[in-house]
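Line order of the protein sequences matches chains A and B.
Residue numbers are given in this note's numbering: position 89 of the first sequence equals residue 70, and the series is strictly consecutive.
With the second sequence counted from 1, adding 4 to any position gets you this note's numbering.
Because the hints were derived from the structure by calculation, they are not lab data.
Just so you know, not all the hints are guaranteed correct.
Residues of chain A placed beyond 10 Å of chain B at every Cβ, according to the derived structure [to be verified]:
no. : residue
1   : ASP260
2   : GLU502
3   : ASP617
So, partial list: chain B residues that the calculated Cβ filter (under 7 Å) puts toward chain A [to be verified]:
no. : residue
4   : VAL8
5   : ASP11
6   : TYR107
7   : GLY493
None of these values were measured; they are calculated from a predicted model.
Glycine is no exception: its CB is placed at the ideal position from the N, C-alpha and C atoms.
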Amino acid sequence: MLFGRAKKNPIKLPAHDVVEWKYTTCGYCSTGCSIEVGLNHKGEAVTGRGVGGADVNRGKLCIKGIFEHELFHSAGRGNKPLIREKIFDDFRETSWDETLDKTAAEIKRIQATYGRDSFAIVSTGQILTEEFYTLGKLARGCIGTNNYDGNTTLCMASAVSGYKRSFGSDGPPGCYDDFNHTDCLIAWGSNLPEQHPIIYWRMREAREKRKFPLIVVDPRVTMLAQFADMHLPITPGTDVVLLNALAHVILAEGLEDRDYIKANCSDFDAFSDLVKQYDPVTASKICGIDEDTIRNVARLYAKANAAMSIWTMGINQSTHGSDGVVGINSLNLITGNIGKPGGTSLSITGQCNAMGTREWSSCSGLPGYRLLEKEQDREEIASFWGIDPEFFPKKRGMAQTDIFPAIETGQIKGLWLIGTNPMTSMPNTARIRKTLERLEFLVVQDAYADVETNEYSHVYFPTGLWAEKNGVMTNTERRVNLISNVIDPPGESKPDLWIFNQMARRFENGQKIKFPETASEVFDEMRELSKGRFLDISGMDHEKIEQQRGIQWPMTEDAETGSPRVYSDGKFNHADGKAKLIPLPFIDNNEIPDEDYPFWLNSGRVVEHFHTRTRTGKIGNQNKFSPTPYMEMNPDAAKELGIEHMSYARLASRRGDAVVLVQLTQRVPRNMVFIPFHFHECVNRVSLGLLDPHSRQPAFKQCAIRVEAVAQQEAAAVVNRAARTF
Amino acid sequence: MFEVRKDEPEYAFIPNVETPQKNQYGKEIQLVDESDALAGQSLNINGDSGVGDNPNRYKQHGFHFTADNCIGCHACEAACSEKNQLPAHISFRSVGYVEGGSYPAYKRMNISMACNHCDDPVCLKGCPTRAYTKFAEYGAVLQDPEICFGCGYCTWVCPYNAPQLDPVQGQVSKCNMCVDRLEVGLKPACASACLGGALDFGLIETTPENREQAKTKIPGFPSPEITNPNIRFQQVKTLPREMTRTDTMPLRYQRDEQGEGEYKPKAALKDTPREWNLPKLRSREDPLVLFTLISQGVVGAFALLFLGPLLGLDLLSADNNPVTVGVLLLLMVALQGFALVISTMHLGKPHRFYRAFNNLKYSPVSREVASLAVFFTLFMGYVFFSFFSLPFLHPGFSEGLKYVCGVGALVSGPVFIYAMHKIYRIQARPFWNHWQVLTSFFGSTLTLGSLLVGLVFAVGLAAQGESFAPLLTVLAVPMTLGLVLESVGLLAHSRDLDKAGGEGAAAHIQQRTVFGNTYYSRNVGLAVSITLVALLGLVGLDGLPGLLAWTLVGALIIATSLVGRALFYVLVIPTTMPGAFFWRNQGFQEHARESGLAEMPQVGVLPQTDYHHQQMERARREVKEDISRLKQLGVKACLSALRVNVQQRLQEAFSRG
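The following block holds chain B by itself, in its conformation from the complex:
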């Protein structure tokens, strides 16, 4: 148990006070009964099997923050980082600020924020590996970095920037509520360290001594509706009508005079010129740009290839064009295989990829990966039976299996694309949270799929001296449809973002300024693509001129797709907390990397954005360790362990409501 000192000051203890039955979101504060099977169990912290004597062990706890009082002294952040032994570039708790007014009627409001141990922990639901657990003890949402495989999805879904992805370690870690301190009745280290009378901690819905408010909102704090966070605020002092951020996130907060006086996020007022900023299109998510586009293209191409002959497009059948179809299938396998590899390598711990299936019940990532696995397996089956038939059996049997695989892949492909789109429907990322993602993904499926099929066949047919124009005329239809679908989505997206305001609108302003030239060029590219595809389809250009024209159009489509998808990733502005001038300021982080300041570890900015090499080293080491452990265990023991494990997983999946 955590050591309580003889001279432990009074303020460090959690007051044992009455709570209401339910919290402001209508949830029970008592999480389980004392008689529940979950009660009375040890948290097993660092091998300690003791059970804490905190009388309110099964009640939801949370932070109370008096925003009027925070002085931004970093004591909470420091106490947290010291206790959790965090390197400078990681912090579970961060203080940022918003400011407003003009000298000397100036106000700065500092906000200290960590994990809010939400009633509805979107991190837990989003995590594909089930590294997260919401405990009956204190309602703490704890994350196990050992289980985490570093996909970073929790950092996308959390509105408060609580989970911290460490690119060096290739894993996420976060605030653990100092459950070791709670077990002995002490407040977490941060709250005990507060010097401004701002940060406090206790049973949720209880107001600390001398405090009179327990609001769920303050300016700069994302809407509590997303996750029902367990933090309450006091903020009674009048703030200027408009509060701005010092970090480079282009947001400001404006009081809604017509409404309840709440502060709403708005795009920052900056006269930023329209620029290209092409190098800034590159990001950590580059592999996802390729993964999504390739997968969509492959799913689309397969559907065409499978459905085409059934719908009378005989040219696409393997009987008529065995070589071209074969080449196309192999190309698709190569492309999808490549996409799989890069998306796996994008993980912090690629060798733990199999954990992606751990949270089928809640995680859109697990579902995407599962549907991808199904599609890819069936697709591979289809490819296999296209080239081989099973020995000793009637050839019809293999043909049947091929057909079954084909139908399966035809169905699971779009399911996979749909599941993929669900990943991005995140409330904490308003720029993404729009049906445009669906039209874009299915648009690309149609466009890139038909483009892939069209180009391969055009080359194949041309090589045989045959005409390909009729085929492409047909393929121009889904191609155009896809492009139109994409365009319609984008139009609606742009209209809705402006209307909705907030982080989405801010991202859209960035889109039209910082990336303005790029964005408008992409839009022009889309329009030109639609026109050219339709035109070429109608004209039916054949031979070398046709081949050249279609290649050019194809290049244009691929370029616009790449730029469009890259914009999609780099533009998103999360509903995150305001940063400070240096700490948690993306603008400074970029500057520190460019100027070389980041080479000094004490600057707290990692010099690189990518630590692929270290992660591969680790993967190699851990796989080696795993193999030697398995060797020691022996095959039989391994299999039985696996069986037990799978059984447990299944039981869990079906037992929880």
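For reference, chain A alone in the conformation it holds in the complex:
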């Protein structure tokens, strides 16, 4: 109007025409952001926004949450159950009854022929807690296989195992509010800006208000590393050495919290003896962090009033993942930094409901952090469900990463996959293909019919996703939050809860055990089973959870609200009530780069994608930021090999090969490349994934590869394009 038209035209801005907002919680990572989905007058989900009054995200959302409502009508969704005799046949659309009958019959046949444990179930960290609990009931109580696990083995198993070893139980002790109280933060292999942007925002806001030192341990110069006061570019796979060295300095200089150790920790002597071997000089030669820096960090951490550590896959996905977690726990125990504001050892979880599966799915035991190994736990659950306790195995069966080799060698003949995509997510794709081929019967249950693993399935169950269902999820800080049923699943796809209930009816014990229809009734059962336990949720119900925008467990029956922290009283869950200080001898068993394979292969997330892209790969406004896999490579290394920016290179390892688009950047060292793990037929064609002895989690982030220039760029582009179906 200052310039331009004298006669102003009316302004037209795109508007969503929202008539109703429905409360729900994000279904991607485990930050646990509250989202309101806006519905128009036709009842279509047209927009979404962060809930202003929710403590976790305070109105903010990351790119994935902002576009999450677009998932309801994204491409590739399944809307009819599918069936086929052989994996080389075409699928036939059919009824739920036929697929459910066929599946139940196959499970029974396989179990009758090869034994009860020859049928395996691998689920996810993505479905709702009530669904997990129901699946556990079905798997443990009706089908009765002991080879039942979640894909959380690929992401959080080391954290679970480490927590159990140190504290006697799973359950992260801290919360996001700890950022507001801490005086020193170490991020171990955790790149918040890319992986958990909202947690990053909370941390940054806290740090802007009250500056505290941020130390980042990461072999790559991530955004977080760039913003850190100290960046420790560690040699891959050697975190335990650094942790031992930090403990060494703290003990050697008498900086430990002796009163705390004495009152609350056991096995100090064995721990102290071991860390004596890891003086900073010795350690520096192994972990690549110089001795002065080690001493500096140790002193800073020990002298801080409150110090906290967070970690993600940099720790969990290594051959010493569980040990790494134990080491971080021990560092916090000897400095008295557990369960106090700003002092904690907080695993930053990956999947939205990884916590839910750990708590309630029974995949590593029985519901409510109960163990198969404990007779009392078996009896409690058996009587609650109304079955014979002898039906339960007395020891946990195989983890996901052991189930697959058992399929490969024929001990397991049938598999039910729920919301997981091993064809893209597990190491060594060629081996996974070979493994899946061996199955006599594979059921894939997923919201997307184009999930790559469906290539090998006999039956496909289409499910609802995220807010097409109703129930709760638990986030990183133990906050139970509500997913309300915003719209119905498309076509004939069904909530996972419905599928489990239908399947249960087809088994003998399914007649005896009650399988409630609604999520809130299922929640009632969980609430009952949680009474008086560490993860007490007896004070919660769906309504209260929504009102408070999520509640952190434990919340006892009479409590007003939940608890931000656990172990604040120094009482831990080992039989003696103490936390264990565990000595961590280090053996370097990684596939270290050598002459033939001179590069470390590192992998990780990008912010716009989630896991194997079945969801995010469909949404243009996310996918466009990385529509095809790429590799960060150091320009100096590339020059020697004649590899150019924005060209394809070939990767080769002892497992196989892959082509990938090259992005030259000094973000990675000369002997390392970094590749996002989200893409089918890329990084996992070459990855190794040695297993952690405690958690059975694969070491995705450490193996050796070779990189070669590709002369025929067009041919490489064709190979890459062929693998990009979405």
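Knowing the structure of chain A, use the given hints to seat chain B on it.
Relative to the frame of chain A, chain B by itself:
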């Protein structure tokens, strides 16, 4: 009004703080007084006649970006695209980055950029349709996609790549400052969504809480002198001396150690071999290559044809060679008509061509189109009276009109060429912003004009068995002059580009590497043309050998002209923002199209560069709708509406200072 939630977080509200009187460029921050006629009016957003209660409604607002903090999480881009319901291939806000240093002393600086709602909006001035308005409300520069006819000129002049041309829709759209949110005191969606503590928004020249700088420059950001953008920066952390781009734009940024430590754009250091890359000469601007060359040729040819006989070149007069002159005139009409059609079809909405006249006051495009219209009308008048004379009137009257038209076309032709050259004198495109454009355009006018006349006459005279050598000897003079003019311009251009550095120098390096063989061949072609034209003119070869020789020289001149003009369009490197590895990276876009990745819509790259078919479909549909609406209205109502409209336009044109 936009809904403010009960639990709307504090950070989403624009702080109501004091501003200085004037901004860093010396402009008043208060855009109009509360008592001004412009104040208190509704923005009429989506039919809402309410007036926002924002207390600072008439003050210039702008973005504040703390470059040290941006994590490149895409939340701002996503919030914007979600609110504005943008398809994947369009984005009002984009985050790119520059990086530098070596592992582990490596730094990446992400830059989030949208429209800067400039004090001097070059988009608004450049737009021929007046689709842009700078509002007194918040100083927002808003663009109306409905008015836009998709010429894309605003995307040329904007230094920040803010206006987005959607080839599918055939129109531009851009950041609207979320004025609906501003009306209720909320920051735009992007700033409210920022997770890194980087992007903020508020009254211009006010520094957000905990921020201490409000600079107008950071590395990678074009010079603020071009448009006086309303964005302020904080960037206090030390960056490596040299920052590079990850996109394929061959630029890097180097700290000027001798100066004020500012980062200046330089050509990227790449040992690119010298190549031909002939297929890459084709671009969206192909119609403009032909349009400019043909128009220049026609203007030149007409001047020769009109002036020739007056200056004693009797051979060129219609009295002596009526058939040849007639053929030449008709050929010129056909050529210019063809040029007009292809340049119109080049628009996103060709059926809205008439909007090109909407911004005579500011837009070089409007002026070019207007001067073209004048020239073409007069030229057509000249042609008409060359063939017909008006019935019932004295033949001298028609002859007089022909002469008047001729003189008019003679004058308006060069004016048209000058106006055409002004289009390319864009600060945001340093490769173009040089007087070489003028010498090139007038050089082509002389060369192609005399070539056109020469060849037609050579054939015509030869056909009659007459000698054409003397005529061509004369025409060789302007032809050579044109070629020399072009060459002199090019020499100076190449020298000045190297000296000036920045995007222009980078383009020139591309010219000598990626298109090196093509470029040098063109230069050799120019030199050879000059020599041959001079030689042939002097020798005065006649008959079939002469005809053959001149045809060959003509072909060479046309080829060098086409290649030269194509280079002019494809080489330009705008002073744009750095892209990311995939998003806003021309190299990836090309790869996605070649490899077929672009066929997946979620890749965010359109599979084609041209959506001519869709645009013609739309044109047909809209013209049909227009006709049926006009039919409904009736002739009388239409005429009176037209009258009102024209009156308004005229009033506007004269009332604004």
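We went through each hint and held it up to the structure:
For ASP260 of chain A, the non-interface assignment is confirmed: its Cβ lies about 24 Å from the closest Cβ of chain B, beyond the 10 Å cut-off. Separation of GLU502 of chain A from chain B is adequate, the least Cβ-Cβ distance of about 30 Å exceeding the 10 Å criterion. Non-interface call for ASP617 of chain A relative to chain B: violated, since the shortest CB-CB distance, roughly 8 Å, does not exceed 10 Å. For VAL8 of chain B, the suggested interface contact is broken, since its CB lies about 10 Å from the closest CB of chain A, more than 7 Å.
Annotation: ASP11 of chain B was flagged as interfacial toward chain A, and the flag holds, the nearest CB pair being 3 Å apart, inside 7 Å. Evaluation of the TYR107 of chain B hint against chain A yields a held restraint, the C-beta minimum of about 5 Å falling below 7 Å. Restraint check, GLY493 of chain B versus chain A: the minimum CB separation of about 33 Å is more than 7 Å; hint violated.
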